[in-house]
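The listed protein sequences correspond, in order, to chains X and V.
For what it's worth, UniProt numbering labels the leading residue of the first sequence as 1, then goes sequentially.
For what it's worth, UniProt numbering labels the leading residue of the second sequence as 1, then goes sequentially.
No lab work stands behind these hints: they were computed from the structure.
Certain hints may be false.
If chains are identical, the list can't say which one is meant, so a pair holds when it fits in one copy or spans any two.
[As the list claims (entries may be wrong)] Taking lysine to any residue and the SDA-like style, the derived pairs with C-alpha atoms no more than 25 Å apart in a straight line are:
no., residue 1, residue 2
1, LYS160, VAL83
2, LYS160, VAL145
3, LYS157, GLY144
4, LYS160, GLU123
5, LYS157, VAL45
6, LYS157, VAL71
7, LYS160, PRO84
8, LYS160, ASP171
9, LYS157, ASN55
10, LYS160, THR64
11, LYS160, GLU68
12, LYS160, ALA139
13, LYS160, GLU79
Number of protein chains: 2
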Amino acid sequence: MAAARAVVPASWPERTAGAGTVGRMTSHDTLHDGTAFQDHYPPDVAACFGCGRLNEHGHHLRTTWDGEGTVTRFTPGPEQTAVPGYVYGGLIASVIDCAGTGTAAGAAYRAAGRTMGDPDDHEPPLRFVTGRLEVDYLAPTPLGVELVVRGHIDEIKARKVVVSLEMAAGDTVVARGRVIAVLMPATME
Amino acid sequence: MAAARAVVPASWPERTAGAGTVGRMTSHDTLHDGTAFQDHYPPDVAACFGCGRLNEHGHHLRTTWDGEGTVTRFTPGPEQTAVPGYVYGGLIASVIDCAGTGTAAGAAYRAAGRTMGDPDDHEPPLRFVTGRLEVDYLAPTPLGVELVVRGHIDEIKARKVVVSLEMAAGDTVVARGRVIAVLMPATME
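Hey, can you work out the whole structure from these sequences and the hints?
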């Protein structure tokens, strides 16, 4: 079931080159097919409870480009409660966390002129983990509402991407976050 | 099943008064019976996915006094993974979050000279929610190991408690956190 979320496109659009392109594709062309960054995580790093498409128990968070920033949408289940009727803070932190590392991956690929999931790309995958997470809880977050997290890339270096994020429930900004994402080492040892 | 975790003692120890006491009991006597702060949350605020004893799907995190600080122990299930074999960051943030608000509640009761769960205490409950959460991820957190979170009360005011926390897996400190906990308002509106 979870594996069905791995929407890897059968073919990629023709690559363009020229003014405004970054590497092989324009920045706005990457993942314009509606796939999410997490859809393209290599299988061995696609088991995250928050955003791994292969974790059958997890949240399957998906982050896509939205202009120069990103968007992640998630509707918590009724069990994800704190005070009855409201979302618990740990879930909010989790969503911001995975939206941040997803955004970092997308940003790193874009900066490198690479396209996530490109079958002709044999460079090492760029997968990020969290070095630091900050969340400010601004308003109670109602259950039963889609949460929309918008990510903004503050800083990008070869091994570190800083992302700021804002979570809204309807018209209310309920949380702001900041993720310092670091490139995952080749091994975790 | 979850309700069985509500270990409210049938009787409370004889209250002492005199030098070294804060209110009706000495600070070291509060919850010396092995119950956790979360065991005494009023039922209407005991449904948190992270630490509510009444959330049958949740983690049932429990925080107790440990000297002047607190301790929270939790062993994540195998599904709580990020990279295979390691715990995902959102869970780590959740544990630190609930350990922080639990510590804040305990600290507030102690400072007020009240004992959580005292059946003769008819003052409003002191339940805290998170205003700000910070987590630094210091090392990969292995799955299959009990995580031990020690909380330290940095600051306590009537409506705000600041708690710093350190999470260890065995001898390795895997994360440090800071929670600014704020007293829950009478209503969330």
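Checked hints:
1. LYS160 with VAL83: This pair counts as between: shortest inter-copy Cα distance 18 Å, intra-copy 36 Å.
2. LYS160 with VAL145: neither (32 Å within a copy, 29 Å between copies)
3. LYS157 with GLY144: Answer is neither; intra-copy 38 Å and inter-copy 34 Å both fail.
4. LYS160 with GLU123: within (18 Å within a copy, 49 Å between copies)
5. LYS157 with VAL45: For LYS157 and VAL45, the Cα distance is within 25 Å only inside one copy (21 Å; across copies 43 Å).
6. LYS157 with VAL71: within (21 Å within a copy, 37 Å between copies)
7. LYS160 with PRO84: between (38 Å within a copy, 22 Å between copies)
8. LYS160 with ASP171: Neither, since 32 Å and 27 Å both go past 25 Å.
9. LYS157 with ASN55: neither (29 Å within a copy, 42 Å between copies)
10. LYS160 with THR64: within (19 Å within a copy, 37 Å between copies)
11. LYS160 with GLU68: Close inside one copy (18 Å), not across copies (38 Å); limit 25 Å.
12. LYS160 with ALA139: Between. Shortest inter-copy distance 16 Å satisfies the 25 Å Cα cut-off; intra-copy 30 Å does not.
13. LYS160 with GLU79: neither (34 Å within a copy, 27 Å between copies)
Hint compliance for this structure: hints 2, 3, 8, 9, 13 are not met, and every other hint is.
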